[in-house]
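Participant: Reconstruct the complex from the two isolated chains, following the hints.
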Amino acid sequence: MAGIVMSAHFPRRHVIAAVAKNVFRYLFQGAARNWARNFGSTAPALSSMTLLLLLSGLIGLTGFALYNLEVIEAGQASTLHVYLRDDADNTDVFTLQRELVGDGRVLAVGYTSKEDALKHAQSVPGLPALANASESNPFPASFDVQVRSLDDVAGIDALVRTNTAVDPMYPTSYDRGAYQRIQAVLLGIGVAGFAFLALLAFVAVTVTVNSIRAAIHSRRDEVAILQLVGAPRWMVRGPFIVEGAITGSLAGAVAGAITFGLAMAGIAEGAASFSQFAPGVTVSVAVVAAALVFAVGLGLGSGSSLLSVRKHLES
Amino acid sequence: MRPPAGTPIVQFNGVTRSYGSRLALEDVSFGLEAGELTFLVGPSGAGKTTLLKLINREIRPTTGEVWIDGLAAHDLKASHVAQLRRRVGVVFQDYKLLPRLTARENVALALQVGDLRVSDEEANERALDALEAVGLGDRGDAMPNELSGGQQQRVAVARAVVRQPPLLIADEPTGNLDADTAWGIMDLLEDIAAFGIAVLIATHNVEIVTRLRRRVLTLVEGRLVRDQPAGQTGRMAWLASS
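As you go down the protein sequences, you meet chains L and Y in turn.
Just so you know, this note's numbering puts 226 at position 226 of the first sequence, and the rest follows in order with no gaps.
Just so you know, this note's numbering puts 231 at position 231 of the second sequence, and the rest follows in order with no gaps.
Keep in mind the hints are simulated off the structure, nothing from the lab.
C-beta: ideal position from N, C-alpha, C; glycine also.
One or more hints might be untrue.
[As the list claims (entries may be wrong)] Dumping the calculated DSSO-like pairs for lysine-lysine here, alpha-carbon to alpha-carbon at most 27 Å:
hint, chain 1, residue 1, chain 2, residue 2
1, Y, Lys77, Y, Lys53
2, Y, Lys77, L, Lys311
3, Y, Lys96, L, Lys311
4, Y, Lys77, Y, Lys96
5, Y, Lys53, Y, Lys96
6, Y, Lys53, L, Lys21
7, L, Lys311, Y, Lys53
[What the hints assert, rightly or not] A few chain Y residues that don't get close to chain L, going by computed Cβ distances all over 12 Å:
hint, residue
8, Tyr19
9, Gly31
10, His80
[Stated by the list, open to error] Per the computed footprint, the stretches of chain Y lying under chain L, defined by three or more beta-carbons under 8 Å from a beta-carbon of chain L, are:
hint, segment
11, 98-110
12, 217-231
Pulled out of the complex, with its shape left as it was, chain Y reads as follows (with noise of 0.2 Å):
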């Protein structure tokens, strides 16, 4: 069930996680509403990815609540955590393809072990859709390795976003692309979020921070410094640590 309209996509209610005695966010909130781009930005170490995972219900928070499209992710049990992974797309820094499988197979992929009622016809279709939509509708029958770097995050863009996710978040998606390519996935990622999905960039990449001047959450030491809104060029204070 969809929650009402105007409801946050992701809500971080004073969430906090500990790894031990270490504490890896502290106290962070903010909220995520459909068709926002928003970049995540902070040094190594700050916590970016234990968001992302707080996100993607790969940890719990220690304290908090995280809420993901209406569902409770902070206190969602793990025979459910598969519902709530179909509504979040995830794109990471290494692409995260199945080696043996073809483009348009790892994209479909990603619809049929969302609901088995997707016959192979329509999974065929749907993906050659998305391939197509990332601009390699011509590369579905090419295997991983005969793409390079720039079109397998295409790939993996493409089966991130095949089943409509409310939320797509990203790791570090340009980190691994030169420059030309890194924005050609920039100006997807921007395509994505007209379209009303809500869309979380973690980056280093202060290039394109600042010069798409989209939303920005800092984190530092765990903690939510900063909460920058969109049309906005702020310090990039964050860099001196990282």
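If we strip away everything but chain L, and leave its shape as in the complex, we get (with noise of 0.2 Å):
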């Protein structure tokens, strides 16, 4: 022993770059190296949470399309059409109006002639040919009422039903428990559609912790030699995590390159017929929804690698 081991010095120049390089190194390129090494164990992971997020993409927007389409629904369910009489004296008309427009309940009330309500049949999809098939015009003048609150359209519409101005046979556009129908059916949805993610998820992380924990295995005598020399505990289990996040990172890519590929397609196959059924979809929406399923993918990936470290590599 010369001595020479006892000499050394620390240079203090280009402390940061040396800094910002051994992180990298042990950090990042470690784990890139690492994963790419295991990725036969990180396959079935990399595949569950791929078809997790592409799911969860594909029902985001689908439910995004829903929440559009009910609030639509109920824009459209507190305007309640109350139809006049062909035959209506004038003055009973206005009372009815004045009545309406003088209730609490009602928000706002309009007119709509029996010209204009053939005019907007006109425009109707597959209504012209019956609108031009009478001689005459068969679509009643209405009174479209605006109410306030969604439990207040059955109580105008009692008010009005046997009024001497509307019409006995079809007095109202009043469907009672279509809007709940419509709510119950979205929530049905809802549900299953969480229930499903959450199953989805609960797989996806179940997967990924194992694949975390089978690298921490195979690697454990690399592990107990870092952590022999001293290394932060950081730096032993940041790895890990940096695996998991590439393995989410991508599975997110993935996915939200598939969901944002779907979602113009769509968008290009036909934009009338498409926002019918996927109202509120744009391409902002499609990017949106690609950069979420990404972001979820590596917090998913960085997350379930965090329990899996914090479960299987001691201190």
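Facilitator: Here is the structure:
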């Protein structure tokens, strides 16, 4: 022993560069190398996470469209059309209008004449033929009553139904339970979708946790040596978390790209018909959905790895 | 922060460690000074490895205090364990070198993971210096599987001391080596102690312990039954039960 070991010194220059290089090497480069080496054991986690994220993206977009549909339906349901008799007396009509305007439950009252009703019908697909079939105008004039609360629609309907100015055969557009049925269906779809995603998330997290556990087990000697030479905890644990993040972000990128592609294909395929089935889904929404899928993948991968490391790696 | 001069590098105060109902160490107290080479002997299962694990904070004592270079290992948070381990060089019977790294990289690793400010150039330079000091200056680029057992153990020693820790612990460092190679390793450990590092060696090698006439701590069934000062030759009664 010549004493050379004891003569070491710390140069002060390039400290930041050295720290950055070492962090990159021991945290990211090492993790990427190990990830590639252990791809066989990571593949199931990657596949299940990709599937989960893809379904999440598609279910998310569907949910967004259904939410918009519900908003539209709610708006329509809160508008009660009160159909007037063709032979109604003007005085009765004005009286009814005053009564509606003065009702605290009513937000606004509009009037659609028979001519306007006919024009509107002619603009609805499928109705022009029916509208033109008769020489006389078959569409009644109506008051379009905007109600403050959906709960009051039934009350307004009851109020006007027996009015002398109102058509006794088909007095209003009120359909008891229609909106509630839509809500029930949407709630059912939401609960089923959430349960399905929760199940898939459980599978994805479990598979990822196990793949990281396998990685820890296969590198236990390396981990022990790092701990032995005084590597800080983040340097021992970090690479495994980065490995999980690589798996998650890759799965997120693939699933996000497919989600975006499918959404764009749908938008491009037929804007008119598509907008009816998926209202509110635009290019920007598709981009946001893809970005969210990627971010969730990154978080899911890192989080699962963190869980596994905390559980299976001793300090 | 280093403890005041004269403070023992290692201090055990009434340390007991149990695994369930079994006592691995019972009320053990001793101290190690800087530059002191001490043997830890005893039959298999006497608690030698448990004692070394307590020093390296792989485990905590059930009761008692373990002080390492001024750090309370018995009370150390998990997040601060690495700080303690940077003050303790460790050599194992099976070397524990990373097989994918060269001898130089194995030594440099200990420098850089302990202090990220160490650049590649400095790490390489200091690793080669350490390898030179253990007689392997020309084998820095060799992979571990290209080295003999004795050479691998020298690399492990270089890795243990390259950061100049105040304490080196060795668990059966000559266990896998032939007699000549074992003596070479012991010469090296004596040199390291001569430079002021406290060295604690757990061993079964009676010949080495007897001939070097260093301080000997004897553990039997978890109890420190004898603390023989350097320069004396004591009986190896523990051999009867090993």
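Participant: Measure nothing beyond the straight line between the CA atoms of Y:Lys77 and Y:Lys53; if it is 27 Å or shorter, mark the hint as holding.
Facilitator: 16 Å, holds
Participant: So Y:Tyr19 supposedly isn't at the interface. Is its beta-carbon more than 12 Å from every beta-carbon in chain L?
Facilitator: 16 Å, holds
Participant: Taking only the CA atoms, is the gap from Y:Lys53 to Y:Lys96 under or equal to 27 Å?
Facilitator: 16 Å, holds
Participant: Regarding the assertion that Y:Gly31 does not contact chain L, is the least Cβ-Cβ distance greater than 12 Å?
Facilitator: Non-interface label stands for Y:Gly31: nearest chain L Cβ at 23 Å, farther than 12 Å.
Participant: Between Y:Lys77 and Y:Lys96, is the straight-line Cα distance small enough, at 27 Å or below?
Facilitator: OK: Y:Lys77 and Y:Lys96 at ~25 Å, within 27 Å.
Participant: Establish whether the coverage given for the segment 217-231 of chain Y by chain L is satisfied; the threshold is a Cβ-Cβ distance below 8 Å, and no fewer than three residues must meet it.
Facilitator: Three-residue rule not met by the segment 217-231 of chain Y, so violated; n is 0.
Participant: For the segment 98-110 of chain Y, count the residues whose Cβ lies under 8 Å from any Cβ of chain L; is that count three or more?
Facilitator: holds (count 3)
Participant: Holds or violated: Y:Lys77 and L:Lys311, Cα atoms, limit 27 Å.
Facilitator: 17 Å, holds
Participant: Beyond 12 Å from chain L, beta-carbon-wise, is Y:His80?
Facilitator: Violated, because the least Cβ-Cβ distance between Y:His80 and chain L comes to about 9 Å, which does not exceed 12 Å.
Participant: Decide if the proposed pair is consistent with the structure: Y:Lys96 and L:Lys311, CA atoms, cutoff 27 Å inclusive.
Facilitator: 25 Å, holds
Participant: Given the proposed pairing of Y:Lys53 with L:Lys21, does the C-alpha separation stay at or below 27 Å?
Facilitator: The given pair, whose Cα atoms are some 32 Å apart, is violated under the 27 Å limit.
Participant: Take a quick look at whether L:Lys311 and Y:Lys53 sit within 27 Å of each other, Cα to Cα.
Facilitator: Roughly 22 Å between the alpha carbons, so the hint for L:Lys311 and Y:Lys53 holds.
Of the numbered hints given earlier, the model fails hints 6, 10 and 12; all others are met.
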